[in-house]
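In order, the protein sequence lines correspond to chains A and B. When we follow my numbering, the leftmost residue of the first sequence carries the number 1, and every step to the right adds one. When we follow my numbering, the leftmost residue of the second sequence carries the number 1, and every step to the right adds one.
Keep in mind that a hint or two might mislead.
[Said to hold, decoys possible] Here are the simulated DSS-like pairs of lysine-lysine, each with C-alpha atoms no more than 27 Å apart in a straight line:
1) B:Lys690 to A:Lys116
2) B:Lys262 to B:Lys293
3) B:Lys275 to A:Lys11
4) A:Lys147 to B:Lys690
5) B:Lys458 to B:Lys275
6) B:Lys332 to B:Lys319
It should be emphasised that the hints constitute simulated quantities derived from the structure, not laboratory data.
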Amino acid sequence: MARISLKVNGKTQVVDVDPETPLLYVLRNDLQLNGPKFGCGLAQCGACTVIMNGNAIRSCVTVVSSVRNQPVTTLEGLGSTKKMHPLQQAFVDEQALQCGYCINGMIMTSKALLDKNPKPTDSQIKEALAGNLCRCGTHTRILRAVKRASGQKV
Amino acid sequence: MKTMELSRREFLKGTGALIVSFNLFPTASDLFAQATSGGEPDPTQLDSWIAVRQDGTVTVFTSKVELGTGVETALAQIAAEELDVSWTKIKVDMGDTEKTIDQATTSGSRTIERAGPQIRQAAAAARKELLRLASEKLGAPAEKLTVKDGVVSVLGNPSKRISYAQLIGGKRFNVTIQAEGKAGDLKLAQDVKPKDPKEYTTVGKPVPRFDLPPKVTGQAVYVHDVRIPGMLHGRVVRPPVINTPPVNIDEDSVRKISGFVKVIQQGSFVGVVAKTEWAAMQAAKALKVTWAKPTTKIPANTEELYDYLKSTKSFTTLKGVDKGNPATALTKAKKQYEATFRWPFQLHGMIGPSCAVADVRGNKATIWSGCQGPFRTRASIATLLNIPETNVRVIYHEASGSYGRMSNDDGAEDAALMSRAIGAPVRVQWSRQDEHGWEPKGPAQTQVLKAGIDDDGKIIAWEFTDYSFPWTVSSITTLLASQQVGIKSKSPGSGNGNQGGGEIYAFENSKVLAEEIPWLQPEPFPLRTSNLRAPGQLSRCFASETLLSEIASDLGVDPVELRLGYLTGDQRGTDILKAVAEKSRWQKHSSPAANSSGTTVTGRGVAMTRRTGGYAAAVADVEVNKSTGKVTVRRVTLAHDCGLIVNPDGVKNQVEGNIVQGVSRALLEEVAFDGNGVTSLDWDSYPILKFTDVPDLDVVLINRPEVAPLGAGELATVPIPAAIANAIFDATGIRLREVPFTPKRILAGLQQKS
């Protein structure tokens with residue numbers, strides 16, 4: 001076990017965990033941040049996505065000791081039901097989910113995309129989200145939500 | 001959807017964090033709305049269904065659960081409509097066996113069809129009682145009263161008014177209502193007249209779904225997010241091959257893992273429990289178990305599998321149609337057609353693998369589950385633990401979308417066994433490999449289809465036989481953990497359905513049969529099967545609708561025209577086909593299309609179906625690369641009729657998802673296995689459709705206020721593989737008899753053709 005300082009959603013917190021623990025389990029079980037989800041543990045589905053240093057990363061394969069104090073943003077860090085981030089609002093406006101289990105990954109990956117490329121084309125959005133799996137099949141709505149959030153015509 | 005805000009009593013604010021804190025059984029005040037205190041809710045008590053709070057909000061209690069399909073919102077709309085209350089004031093308390101009546105498992109896309117009328121009648125009965133109370137208070141007869149958003153006023157004298165909250169807020173109705181039948185067949189308050197659909201103002205509106213804002217902000221509490229004080233983490237350790245008992249377990253192999261607590265073994269069931277999830281994961285991976293040698297085998301390859309299906313005696317035959325004498329008609333036919341079709345095992349493929357939390361104390365158990373049937377889970381847990389059903393409380397929290405998979409709640413059984421063994425609450429999370437390997441698969445199927453035409457090209461004989469595996473149903477066919485501790489199944493399982501074999505067409509002589517083939521062996525093995533969205537019907541529709549298009553092509557007839565000729569007397573069937581033809585700008589032609597030359601060729605195909613009273617017809621536009629064999633579905637146009645539409649955007653969302661899942665199953669999905677077990681254990685070896693391959697979608701919804709509302713959770717996925725196969729034929733001239741339509745199969749077809 002080791003004490004590791006983490007900077008998540010702008011707040012610094014110290015956790016006492018096995019340093020080999022993937023970040024996902026620390027976020028969920030030690031910091032009660034349930035936005036990131038366990039889907040595969042293999043970096044294949046994207047349900048666990050968080051943003052670190054501006055990049056969308058797979059927290060299920062990111063060892064917590066490698067994170068130390070690098071700024072991490074989770075879905076909860078974007079907004080809440082009372083004050084949603086424009087991306088979250090766009091997903092609601094487009095009713096762009098069903099079960100919503102993958103949606104953390106969709107929103108966080110889109111956030112990283114829009115931060116770098118504020119007006120992505122349809123194919124750029126599809127490429128950015130190609131590694132995020134959705135089983136309910138809401139892809140076309142997600143595409144519209146990201147476009148809406150980027151201020152482009154849906 | 002349960003959220004931190006909505007289920008406030010279940011959450012205590014901790015040190016900047018939220019920790020779920022549950023009582024084993026609810027206090028009386030939790031259940032103030034229930035008709036009986038401490039006992040089971042009584043279906044004949046209005047209070048079991050509806051409660052008006054002091055703030056004017058209305059809670060509807062239902063054992064149906066939100067699986068991501070939007071039924072929470074749709075059921076709320078139905079209640080709001082009858083009560084004349086804004087939908088924003090309705091809350092739906094779903095899937096708690098202590099608070100709700102068993103309305104049957106949420107499956108078969110039948111929540112709106114079956115539970116919808118139950119909720120509607122309960123709400124209508126509540127409105128009637130509220131009007132009676134208002135009539136007394138306002139001194140005016142009930143027929144002179146009107147209701148607007150939960151406020152009753154006297155017609156012509158709006159100053160005389162009283163709200164539902166003032167009438168009964170926080171108090172019980174204490175009204176008995178009629179209740180006949182059980183579960184899905186339960187008929188409530190049949191003596192109360194509901195609203196005429198012509199007066200609907202909330203039903204039929206695209207009300208935004210209640211569950212989405214908490215989901216997009218991380219505030220929704222999925223079953224995976226439930227945490228109980230003192231909770232430990234469990235992982236299952238399954239045999240590497242088919243089900244066998246452990247011969248030796250070397251606990252020393254995991255003792256040094258920090259946080260490891262115990263290896264749990266009961267019968268053939270093995271699991272590990274640890275203080276942290278990470279320790280449990282490490283222990284499950286590191287635990288050295290010597291398993292006994294399997295005594296039975298599964299097929300080593302697909303040839304053996306389909307041979308087994310075709311050559312094994314069925315335990316039951318489901319008859320779809322039995323009209324005339326197709327065998328005799330075939331002998332008189334001018335031309336006969338015969339084809340065999342194959343459909344592989346496919347995954348439900350939940351993005352979040354199975355997860356449940358159990359707290360077993362003495363002879364009582366509380367289970368937090370994402371199951372489709374809380375009462376079904378309650379029964380299987382009671383059997384597993386050998387305690388009365390009423391000692392088990394199942395509390396539903398949404399899981400990952402499950403498409404039938406959570407009809408059978410394996411994770412809850414695992415958690416219950418581990419919790420009982422360790423004496424503490426245990427959360428069990430399956431790994432991705434556990435889920436891919438051990439989920440009960442959508443059954444493999446094969447069909448033999450014979451048809452014959454006369455001199456005029458009329459189809460005079462149709463003989464369709466489906467061979468399929470049955471479903472696991474946890475009440476009659478035991479789940480993994482139950483089997484591992486020695487509980488025997490009472491039945492070989494439930495049939496895989498018989499719709500989609502061409503029964504919608506008015507052929508003179510027609511026989512549509514579905515043979516249910518028993519599993520290969522009595523024990524649970526990785527290729528155990530269960531209901532997967534629109535069970536069996538994609539496969540049957542693929543066979544029947546592609547052969548029908550093949551006959552059309554052979555006759556040089558347009559496939560839409562040919563179908564219309566056999567839909568005589570079926571107005572909804574005719575309308576749906578015409579609607580998709582119009583929307584897709586279908587141009588009459590005989591396949592293959594004349595423009596099928598060059599490396600990249602395009603084609604379009606049509607297919608239709610009827611399922612549980614609803615109709616869907618699809619046109620797929622595909623592109624086939626003849627050098628790589630890759631099929632790309634460019635667009636799917638689909639017309640959909642599920643009777644009266646409760647929430648048009650909710651239906652559209654379901655239809656779109658059904659199409660995408662259908663494309664994925666048609667193009668990509670096949671469970672790989674060898675003689676030892678499943679070998680496709682992750683998303684690389686069992687890929688599903690990615691963003692870059694998702695087609696454009698064009699959906700036409702036909703609303704039929706004269707037809708009772710039906711489900712939209714399954715219907716639209718049925719015709720997709722058939723429409724794609726017909727489009728591939730249109731583009732290339734090759735007929736596919738086996739799913740998925742992989743580049744390898746396309747290239748083989750092209751080679752064979754040339």
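Original post:
Do the alpha carbons of Lys147 of chain A and Lys690 of chain B lie within 27 Å of each other, as the hint requires?
Top reply: Cα-Cα ~18 Å, so holds.
Original post:
Is Lys690 of chain B within 27 Å of Lys116 of chain A, Cα to Cα?
Top reply: holds (22 Å)
Subject >> 27 Å Cα cutoff - pair Lys275 of chain B, Lys11 of chain A >> reply: Cα-Cα ~26 Å, so holds.
Original post:
If you draw a straight line from the CA of Lys458 of chain B to the CA of Lys275 of chain B, is it 27 Å or shorter?
Top reply: Answer violated: Lys458 of chain B to Lys275 of chain B is near 70 Å, above 27 Å.
**OP:** Decide if the proposed pair is consistent with the structure: Lys262 of chain B and Lys293 of chain B, CA atoms, cutoff 27 Å inclusive.
**Re:** Holds, at roughly 25 Å.
Subject >> Pair hint outcome, Lys332 of chain B versus Lys319 of chain B [Cα-Cα no greater than 27 Å] >> reply: holds (24 Å)
Of the numbered hints listed earlier, the single one contradicted by the structure is hint 5.
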